[in-house]
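Novice: Single-letter residue listing:
Protein chains: 2
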Amino acid sequence: MKKIAVLGYGTVGSGVVELFYKNREKIEQKAGCALEIGYILDLRDFPDSPYADKFVKDMGVILADPDVTAVAECMGGVEPAYSYLMQCLERGISAATSNKELIAQKGDKLLAMAKAHACNCFFEASVGGAIPIIRPLHRCLAANDITAMYGILNGTTNFILNQMLSEGMSFDDALKQAQDLGYAERNPGADVDGIDACRKICILSSLVYGKHVYPDSISTTGIRSVSLEDAAAADALDGAIKLIAAVERLEDGRILPLVSPMYVPHANLLSRVDGVFNCLEVCGDAVDRTYLCGRGAGKLPTASAVMGDVIEAVKHQCNVFSQDWASAEDQSFVAQPEAQTCGMFIRLTEDYGAETIANAVAPVIGDADVDMIANACVISARLDAAQRDAICKAIADGGMQIAAWLPVLDA
Amino acid sequence: MKKIAVLGYGTVGSGVVELFYKNREKIEQKAGCALEIGYILDLRDFPDSPYADKFVKDMGVILADPDVTAVAECMGGVEPAYSYLMQCLERGISAATSNKELIAQKGDKLLAMAKAHACNCFFEASVGGAIPIIRPLHRCLAANDITAMYGILNGTTNFILNQMLSEGMSFDDALKQAQDLGYAERNPGADVDGIDACRKICILSSLVYGKHVYPDSISTTGIRSVSLEDAAAADALDGAIKLIAAVERLEDGRILPLVSPMYVPHANLLSRVDGVFNCLEVCGDAVDRTYLCGRGAGKLPTASAVMGDVIEAVKHQCNVFSQDWASAEDQSFVAQPEAQTCGMFIRLTEDYGAETIANAVAPVIGDADVDMIANACVISARLDAAQRDAICKAIADGGMQIAAWLPVLDA
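Protein sequences appear in the order of chains E and H.
If you use this note's numbering, the first sequence corresponds to residues 261 to 671, in order.
If you use this note's numbering, the second sequence corresponds to residues 261 to 671, in order.
Hints were generated in silico from the structure; no laboratory data involved.
Glycine included, each C-beta is placed from N, C-alpha and C at the ideal position.
You can take every hint at face value.
So, partial list: chain H residues that the calculated Cβ filter (under 7 Å) puts toward chain E:
#1 ASN283
#2 LYS290
#3 PRO396
#4 CYS400
#5 ALA402
#6 PRO561
Model the full assembly from the supplied sequences, consistent with the hints where possible.
Specialist: Here is the structure:
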């Protein structure tokens, strides 16, 4: 009988406990041994819980029990989660965590500690909730040179953008609905300002490119400025506006991670990922493109990913794969949006007419395709910063005013 | 320096060799040791190959070399691949195979042999080509009770159905185009008759439900009878016809695997998976629905999956996870289509009019939703065999004739 401990009894932590007892037989079979939840750490009291006898307030109790094989960290925030996990790993107790803020800030340190003490720090649940992403990236696609990743990694903003388009709701109304449905927090900044998506692309970039990318290094734009008019124009141009967390490897060897609303053409499956679903497109030299899609948040979906990690941690009491990445004080390998090449979705302040738009941009883009409606256009060809500036200038010179422009995701 | 051997130098085998030398540094880093392709087994001669010195015709040479740690089996067919892999596994040499026919027929035996000799038989490439499916199912989703899986698992048929819809091509013309493009074999039976998809759902069913499901046990219908009229009617009814390999767990504990063309509503992401792409929808009690999507075949995509397995096999020289399943002479746990409940897509031989159709089916289905056009309808509610018979009878009694009916995939 091996013991596991659940740290934090909020939405995800209580989901882990619920899922364990629901599917215990299956979980023990996969783990190859009898398992029990030995402790649940939470500062609050749960006297009426069926697991009341398992609650402890002192991490020391868990650390002192030699039967504890793995902990499921579902507390959120950097501290005290970070200190607790470092203490666990130092003792050879493996960790499974859903905490993206923690991994985005301290992943390098945690993984190094796990490696040094022949145990594991798994974090499948930290990106894309229930969706298998970390293992597929690191193992199944291990033989690939990963050239880019593009993800819808925040369900709340995807829900809001979806409601704006399908229901014609304003951003504020859609946000309020998301809050009423429990998708968005009362303080929705981490979601709508792109901070949550930024943490996730940090984790994926660090994992794939081998050096820790810190959230501060990443240009992050949320969806507050996306208007109903933008959504409608994108739809008329056979696409959708999505908050995309992206990372591309540039020709000079640097990487360019980025969080921004983007125009996604319907030819790309990402445009079809609606509601609170998440999806990651992975581009590799051998696989071409792979899409991993599912529920990116929620009690049981996230618990599913945490328990998958717990099973592997219990089964393999050695450091099972080299998923560590190097600490990187020097972040000069991280490029900024000036280095980006991308197509442009441009919405104008009024209906100037497709022909007027075409005449203005034609001299700059030459033979490249432009799709136009009366008040907006999509240039799919990738343009560098100078070319983008030239387009903006040509439109202004043509007597038109740009209401908004967004990068275009490749089809 | 650990040696690997590639068995078979056809499309996939040559892709494995190409990918290894292309990304060797990355692959060795992930494997944690220096690697070399020691041998390539093929009965043919390749005197002009840059790897000419590696070719052998005698499996005994490979078996006799104690430095060989893993083999990549890309020969196809059951024999001699089966005998070769059993000999490898018996000696503790791990195997990575892309051979779906082999795993569908002999997976139980190979996995038992690997377990007995503390090595691994991996088969990520056997289902969905480049798409991470086997590991995600067995590991990331390990804590779930998997209730159903629905997959587009054959790219050739998906391409053909796609061309029929988007280009208005007949089945025969679309098949010819697929052959000209190299997607379909000159003898296309394994693809268009559903045999390839059947093998893949065998593998997934065995893996998830723990008992070997043999191809003979699975009701398999290909796409030869799907007409242009069916494709057009499905499109008009906001869906697409796809060849679906499915397995559902029934309430009585049996499982129902099945290969059949189905109507997929556009609300389900599977309807958007076009061309030669594959996609698997996995339904679990905790994850709800997860979609894994990408290139299901091709030289480098398949080689990517094989090399991912090779890396893990080299890195972990112990049986790393309990993915074995039991042999099962008694296949009575496998139900047949009579036990299926499903919605119905019905196309009639002529335009009887939506109202006539509605009047005929209403008495049978009561309040359930029906979408109709003049010559076809979709009943989304799940019906059992008796209810389906009643619908067919009601349509006949209403003076109409059914041209075709197909099961409906849930939205």
